Structures are given as C-alpha cells and as structure tokens.
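*Asks:* First to last, the protein sequences are chains D and H.
According to the numbering used here, the first sequence is numbered sequentially starting from 3.
According to the numbering used here, the second sequence is numbered sequentially starting from -14.
Treat the hints as calculated values from the structure; they're not laboratory data.
One or more hints might be untrue.
[Unchecked claim] Short, incomplete list of chain D residues facing chain H, as computed with Cβ under 10 Å:
id: 1; residue: Thr71
id: 2; residue: Trp79
id: 3; residue: Met146
id: 4; residue: Gly151
id: 5; residue: Leu237
id: 6; residue: Gly370
If you're wondering where the values come from, they're calculated on a predicted model, not measured in any experiment.
Quick reminder that beta carbons are idealized off the backbone N, C-alpha and C, glycines included.
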Amino acid sequence: MSSMSKTAPSPASAGERHLVSYPRFLWRIAVMSTEGNWLFYAWMIFLSAVALVGLNAWATQVSQGMVVTNMSDHVSWGLYIANFTFMVGLAAGGVMMVIPAYLYHDDDMHDVVIIGELLAIAAIFMCIAFVVVDLGRPDRFWHMIPGIGKFHFPISMLTWDVIVLNGYLLINLHICGYLLYQRYRGRRPNPKFYIPFVFLSIGWAISIHTVTAFLYQGLGGRPFWNTALLAPRFLTSAFVSGPAFIILALEAIRYLSSYKVGDGAIRILVNIMRITILINLLMLASEIFTEFYTGGAHTASARYLYFGLHGHNALVPWIWSSIAITVVAALLLLCPKVTKHPIMLTTACALAFAGIWIEKGMGLIIPGFIPSTLHEIVEYTPNGIEWRISAGIWAAGLMIYTLAIRVAMPIFSGEVSLAKDKDNSA
Amino acid sequence: MTDQKKSSGISRRTAVKGIGATLGAAAFAKAIAPITTWTAEQSVDEFLQKHYQELTPEQMQKILARLQAETKEQYGAEVEISDPKPQEGVKFAYALNLSICVGCRKCAQACHLENNHDRPSGNSYIRVLEMKKGSLDMEQGKVDYKGPVPKSDSFYMPVQCQQCDAPPCVDVCPVEATWKEKDGIVAVDYNWCIGCRYCEAACPYHARRFNWTKPQIPAEEINPQQGYLSNRIRPQGVMEKCTFCLHRTREGRLPACLEACPTGARVFGNILDPDSEIRWVLENKRVFVLKEELGTKPSFYYFFDE
Ligand code: SF4
Ligand code: SF4
C-alpha cells in the first residue's frame, strides 16, 4: 500500500488522494486533540469546568434577562464589551508577528507565525463570543446575517466589524489549515496558496482594530471616545498584548514539551514590545495632557477615570494599577538581560498583558459612559455573573488555543505526518 | 503480540474517552438548562417574524392578534394593539417653555403610566434636570433633586427623545431595528431588535431605555390602548424609547406628558401646518436645541419667555 502511494500521481489520482488524505488529516487532528499526558488532561478538564460554569451563567442571563448583570441604561456596555475590545487587539497583535517573518525572511520567526495565527483564531472566537453574550436577544442573531436579515451596511460601524472579524477568521483559518495540511502530507506549501493571504492578514489585522476603534470613536455624544488618537492607541496596545501572549505561549511550549523554540523569535518579540510599550505610554501621556491641561466639560470622564468625580471613584484603582504595572513591565523589558531570564521575561509579559487588558477594557469602555450624556454619574463594577461568563469565554478560548497548538506543533515539527501514520497502520 | 497490546490499550483509552464525553455532554445539558425553560416561552412565529417594514397588512393583523393573546396570557389583561401609520403632510415637533416648567415631574409620571413601563424600575422616557439659573451647562444639572419645587435659584429642563432628524441612534443600529418614520418619529421594532445597545451608547440625550428584564405590571394598571411601535408591553432584552405617544398623536390626540403638565409648558404639533401653535412658538420665540454642535438636528425645542 505504501509503495502504491509513492508512484507518480496522475492529475486524477491527486484529487482522489486528497479524498483519502484530507479525511485522514482531520481524523488525526481529532485523535491528537483528545490525547496527551496527565497535565494536558488536567488542564483541559479545568478549562471545561470553567467554560461550563460560564455557560450556565449565560443561560441564566438569557432566561432572566440582562438585569442579572450590573449594567444599566447609563452604563450600557460593561465587562463583555471591554473584553471584546481587548480581544480584538490580541487577535490583531497575534498576526502582526508575521511581518518580521515574511518581510525580513527571518527563519526563527517561522515557528512563531503559526503560533500567532492560531492565537488570532482563538481570539476572534472569543471576540464573537463576547459579542453574543452581550446581546439581549441572542436568539435573533440571524437578523444580522446579510441576505436573510437586515444588514445595515455601510452605515453602521458594527456591520463593518462583523465583516472584518469574520473575514479575518476565515483568512487565518485558511492559512493555518493549508500550512498544516501540506506539512502533514510532507509537501512543501506552495507560496501561491498562502503568501498572498499572509500579507492580506497583516493588512486585515490593522483593519479589525481600526474598525473596532471607529465603533467608539464615531460617537459624537461620547467625548471620551470621540478622539482621533483612539485607533492608533488601539494598534500600539495590540502590539504589546499580542507579543506578550505569544512569548508566554512560547515559554510554556518550551517547558512543557520537547519542541525547541528558538531564542531568536523571543528576542524579536521582546524588541517589538520594547518599542510599542513605550509608544503606548507616550500616547497615554499625550492624551492625559490634552484632557487635563485644556480642562472644561469634555474632560469629565477622564477626571472620573483618573481621580474620581464628585466622590465617585470606582475606576481609579483600576486605571492606576494599569499604569503602574505597564510602567513596571516597560522597565523590565528595557533591561538588556531580560531575554536571558525566563522568570523576569514571563513577569514582564504577564504584567504588560494585564496592564493592557485593564486599559483597553475597564479603562476605555466604562469611562465612556460616566458621566452619562446628561451628566449623571452612575457607577459600574462587574458582578459575579459577568465575571463567570467572561471567565467561561476565556476558558473556551484557551481550550481552542491549547488544542490548536497541541495539534499544530507535532505536525509542524514533522513528528506526525501522513507517511508515518500509514506506516503505523500498515 | 505488540498489535494485541496496542489494540487493548486503545480500547481502554477509548472507553475512558467515551465516559469523559458522556459526562461532558451531561454537564453541558445541565449548564444550558436555564435557557430551555426560556425558549419554551418563545413562539416560533415570533422567532420567524419579519422586519416591521416588510410585513403585509394581513401579516400585521395576525401579529397584532397574537400579541393581544400573549398579553392576555402573560399579564391577564385585555388590550387592543393597533398599528397607526404616519399621516400625510404631518411632521411632529415638540417645544418646551423653560420659563414656566416647575420641575414637578408630572410628565415623567404620566409617561410611566401611559407607556406601560415596568413598575419596579419606575422607568420613564423623560428625565427632568434641575439646573442652576444662569447656565445651560448640563454638568451643573441634577436629576435626583429633592424637596419642594420650584427652587428660586433653579430652572428645570425635561429631556426626552429629541426625534432627531440626523439620529445617531439610527445610524449605528446594525440590523435596522430602529429608523425614522415619515412623520419624524424614530421608532423601534421590538421584535427585530437584537439588544446590542449600540444605539443607547450613541444617543447623546440619554433617551433610550433597555428592557433588562421582562416588564412587570399588574393587570389592572395596564394601559389597554396600545400601539405596535409605541406603548405595547415590550419583550425582554430589547430597546425602547419615547415615540411622542404615536398611538395617540397619529390619531390627532396629544402626548400624555403634555396633557399631564400642570403649567402648560409643553407645546406639541405639526410643524408643517403654518397655523399650528408649535409654528407660532418657533417663529416668535427664541428657541434653541440641546447639543446643537453634535449635528443631530432635534425636533424638540426649548425656549424662554423673554
Ligand atoms: S434623542 Fe437619542 S434616541 Fe432620540 S432620535 Fe435622537 S439620538 Fe435617537
Ligand atoms: S439595541 Fe436594538 S435598536 Fe439599538 S442598535 Fe442594537 S439592535 Fe438596533
């Protein structure tokens, strides 16, 4: 049987062979994703448990209404949209790592590319999930589907977001799926079938974040968001959180598996973060300056966020801890030796990640609503249901990401391939 | 020999996986259970219902009958739901005399009753701001003022949906669940809205309200004269807003808030009718609109007696 497959394929038999090898590839993925050591099982069981708790909380929210959250007519978006915004950045940041790999033909970066792209896929899944749980009527989701429902394109920025997010998901699914399948078959991926998509995904990554920024930036009635700096700030913070997460993932892969992750990739990622985290802090300073030096009514939200307003200050601890940990992360990253000290590096990345998460979430979405458009101050802190649902989505996303890496790494390293599978079954 | 070992190993693994999958499925079913009771309450017709603007008159009749039956079943009240259409040559506008508004909030209360708002939340489409004399800066305003009104150093500014001619709430809606009608009213199709609350974020006048849960109203307090696009009892999870009481005003009556106002501060009418009182106000008073700089072009005007 194995000798037969080695005979030169005629065009007809090549198609036939896809018919055999593609299902086999899918089956192999399914098998691999349910197999691992005890740590893998423990991790997956833990994530499933959290995801189920989240699912249960969401089911409660759908049946009883969003009254079970702490959102209100004044603060109509909360933890979900905050997480959504952050996730868009993570998705964009994941793919931005592709630039050094393909533009500079940096070989070390090629491992990172697939890890970044898989991150983008998991992050987009989480984005979509965070939007779905934020809907009052998820059962009417089909109203948004072009053709069947009513798609308010191009006027509503939200429809743009639907398009770019789903497009981005498809592009990355194609790239990852194609590369893995070719590797599995032991073929060299044909650049024609994926390089154009890689470049498309880079441009697209910018678009998802820009469009998401425009969602908020375009609202004239919300001065806190109505600033031209919003989209650029989104991009720089994406360039911090994306690499930070990928470094953490690479470190985990290093310690938990036998795959060699090159130092070069981590060095490049750290160099990217060194610059972007500083630009991010610079833009923050510029924004704070505009808000506070000019003064006036439009700065009420910023005053509320940073110092509290009329005795209300729920967000103050959030934002200052975000600034503090981002600064610490920046200082750690700037240490020349950071790449040689795994603990220092992991700490720096974890801090940077957490700092951006607060800044792009609670620090960006919530103050846009406080004070309200009629200058009422109604505060918001997420409650148990919201935390549970959010944790559930994070768990589901991490599950997807873990499985994706679990499947991709052996295929990428050649440990698992069609030829070996055939030998085993022969 | 090795083959045997391998196959038995696989089957044990498979068995464990099978148990895992079964437990997983059971846990999933348990987790999702609260939703199943809720879905049982939703009708298939409701789910499949088309957008308001695509409904034929026959389909609308069926829907109105269904909604009436549902109200009877769920709230125990006999109601009559109609779907009045905009009249030709009518564009509604509202004006409010800030010199005589005393801040009694009778309008807000009337709105609450007229529009079948949820009782526990005390919802209303109108918010009255107590403002310091000498400034129109809303930041100085207060909505939770107490004590006898009017206070001598204050004036009062009720704010409700401005039925903007360039409404940001309509622009942002991803599914066209909210739109501007021919007579100037910005309406919401409660059966089409997906509850994303983007419009609530976009409205600069805090005019929109979300149904965070299913509204609760005792049967005897339900206003039985209802409009499909206005005061019928809203479903859970959808957006709603002031419609200038279109179930009244499209039939030639006045909005409930105007009828409730004890000082006559409110003026309502057809801006296209040259003999209307609203036209007289717009032509003879110094009128202004809120947040003019945002370009929303409100159909709600404020004025002072000189
Ligand atoms: S006041 Fe608000 S809800 Fe009313 S039309 Fe204007 S933007 Fe829309
Ligand atoms: S909440 Fe409803 S009406 Fe408002 S934007 Fe979303 S779908 Fe449209």
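*Asks:* The structure should be examined with respect to each hint, and the outcome stated for every one.
*Replies:* Now the hints, each set against the structure:
1. The beta carbon of D/Thr71 comes within 8 Å of a beta carbon in chain H, closer than 10 Å, and the hint placing it at the interface holds.
2. About 6 Å separates the beta-carbon of D/Trp79 from the nearest beta-carbon of chain H, less than 10 Å, and the hint is met.
3. With a cut of 10 Å, the hint placing D/Met146 at the interface with chain H holds, because the nearest CB-to-CB distance is about 6 Å.
4. About 6 Å separates the beta-carbon of D/Gly151 from the nearest beta-carbon of chain H, less than 10 Å, and the hint is met.
5. Proximity of D/Leu237 to chain H is violated relative to the hint, the smallest CB-CB distance being about 22 Å (cut-off 10 Å).
6. A cut of 10 Å between beta carbons decides the hint on D/Gly370: the least distance to chain H is about 8 Å, and the hint holds.
In the structure shown, a violation is registered for the earlier hint numbered 5 alone.
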